[in-house]
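Student: Spelled out, the chains give:
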Amino acid sequence: MVRRVIAARVADAATVDDLVQETLVRVLAAAGRVEPGMLEPYAIVTARNVVTSQWRERDRHQRNQHRVVDLRPSAAVDEDLLAREERDAVAQALTRLSAQERDLLLAHEVSGRDTRSLAGELGSTAGAVAAQLNRTRARLRVEYLLSVEGVEPPTDRCRPVLLALSGGDRRRQREVDAGRHLLECGSCARLSQPLMERGQPREDEVRVRVESDADIVAARQAARELASRLGFSRTDLTLIATAVSEIARNIVRFAGSGEVLVELLEHPHQGVRVVARDTGPGIADVERALTDGYSTYDGLGLGLPGARRLMDEFAVVSEMGRGTTVTMTKWRTGR
Amino acid sequence: MSGPKLVSILRQGPHLIASIHTALDDTEMERFREDLVEQIGRHRSRGVVIDVAALDVLDSFGARTLRTIGEMARLRGAVTVIVGIQPDVAFAMVSLGMDTGTVATALDLEEGLAFLEGSGARRSGAGRIGAPAARAVPR
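If you read the protein sequences in the order shown, they are chains A and B.
For the first sequence, our numbering assigns the number 169 to the initial residue and increments by one for each residue that follows.
For the second sequence, our numbering assigns the number 1010 to the initial residue and increments by one for each residue that follows.
Keep in mind the hints are simulated off the structure, nothing from the lab.
Think of the CB as a built atom: it goes at the ideal place given N, C-alpha and C, for glycine as much as any other residue.
One or more of the hints may lead you astray.
Quick look at which bits of chain A chain B covers, simulated, 3 or more residues with Cβ under 8 angstroms [what the hints assert, rightly or not]: (1) 388–395; (2) 402–412; (3) 474–484.
Chain B extracted, bound-state conformation:
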């Protein structure tokens, strides 16, 4: 990949922190999915934070890909939490009529990590559909 990195995936203890730095097209989004799921296995990660604050839009494809990542991670034994969805992006997602499914969300990176720490104990069930209430808006 040339130029500045589009995404970065950093390891932080048992967790992965994946940050999207710019708008991604569909192909890049899918590559991101592959990379992330692969690294979950390689690092035996138990939790994943995906920071999408830099995404300009989360349209049907973007949202579906994030949901797929969450499901794949869950099947690989990791909890996923999406952080940094901007208010205007959230509004567009709701207006679009997106089925805001099953992945946990948190306001920002800090909250996301706190969520993962908290969910560590009940790890096996954490990623399940309709899961963690509180501030985690299911999507």
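If we strip away everything but chain A, and leave its shape as in the complex, we get:
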């Protein structure tokens, strides 16, 4: 359909291909913002716009051709280049999908078929088709990013982690231990930025990068702020903030850097969970580190055991040479 719209306006077959790709990119990028039934009209309008802007581009090009030097601002050249790279990346990403995934996605996004009619055809349900589409979009985003950045994932854990992030599937993210992988894998940490920025920011979690003294304060204040939304008492908020302060300081002192993730829980009760991860040297003897008075720096030796006393649940997982993850939870009591 998009091809028809464009072919009606442009003669050159190669240009048509380019513009169809370009349209597809824009439509896919906008898919989240457009109402489901509106995708087809949207795609047509987009196709027209793409063609028009291509004409305008050519006009300007012709107007300028008599000049000896190319006065087109270099930014425009860059844009051209970027647009082309982007198209190539999408094309490449599409080839990474299975034929079935690709057909389904195109049928829905470009031809505007709704999930119900697609489900009828596939002998499935609309919900299952929608879920499948979501997974496919998540994969397309990952493959697109890998392609546009020219990155080959350094480990075989990278793709599953990026996929889980792209799909916004928290359970899956926990299963693949996405947070830890992002601390360990530089290229995934970079690639994951756009994946995590898209999607609406989560209201019920906050992530604080911890590298310096100031971050310790930021982490404990973020935890207090988030937990206050559940109506924790002032006393409990201070206990949580103090515990976060202790474990965030451990990150800065022992590991150099890491992160603190604070999330609100609804099940089985309301509560707040704090996950502190680092990629430091690890703790050789966790049992001992949880003992009062044990400390390898000149603190009070209260870090871990102290924080444990302040929270309701507390777990430390540490692997030598890989780092430490502290998970602690405070439940909101009915007081």
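Given chain A's structure and the hints, the job is docking chain B onto it.
Tutor: Okay, now just chain B, sitting in the frame of chain A:
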């Protein structure tokens, strides 16, 4: 330092009144310690009130720094009293299992100054470990 002041140290007769205005990180806390101990010498202060009412938490580091300040001040001939520890902060400190050591405390600024006035007579021994009973909870 840019922005609003994190702490202020005011001279009031023979005493210093140090107020912490906001949450401090470890580095700022240490700088505060340096400033305060330096000013004790410069003003030949005999007593120091530290108002921590604005601190969001007193974790192990914060508490240790206050204790260090108290000890350093004592070695420099001044009595230190901490005022304004909020009830929830106090509870967290106890729950954390902090060794609430040797520095005197009082409820608020007024009580803190009264404590310093009262301790002026027995100045030499006032800052010592386990010191002033009454309302001063040793920490």
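Student: Do three or more residues from the segment 474–484 of chain A put their C-beta atoms closer than 8 angstroms to C-beta atoms of chain B?
Tutor: holds (count 4)
Student: Verify the coverage statement for the segment 402–412 of chain A against chain B, using a C-beta to C-beta distance below 8 angstroms and requiring 3 or more qualifying residues.
Tutor: Contact hint for the segment 402–412 of chain A vs chain B: holds, 7 residues under 8 angstroms.
Student: For the segment 388–395 of chain A, do three or more residues have a beta carbon lying closer than 8 angstroms to a beta carbon of chain B?
Tutor: Coverage by chain B holds here, the residue count being 3 at a Cβ distance below 8 angstroms.
When each numbered hint is compared with the structure, no violation occurs for any of them.
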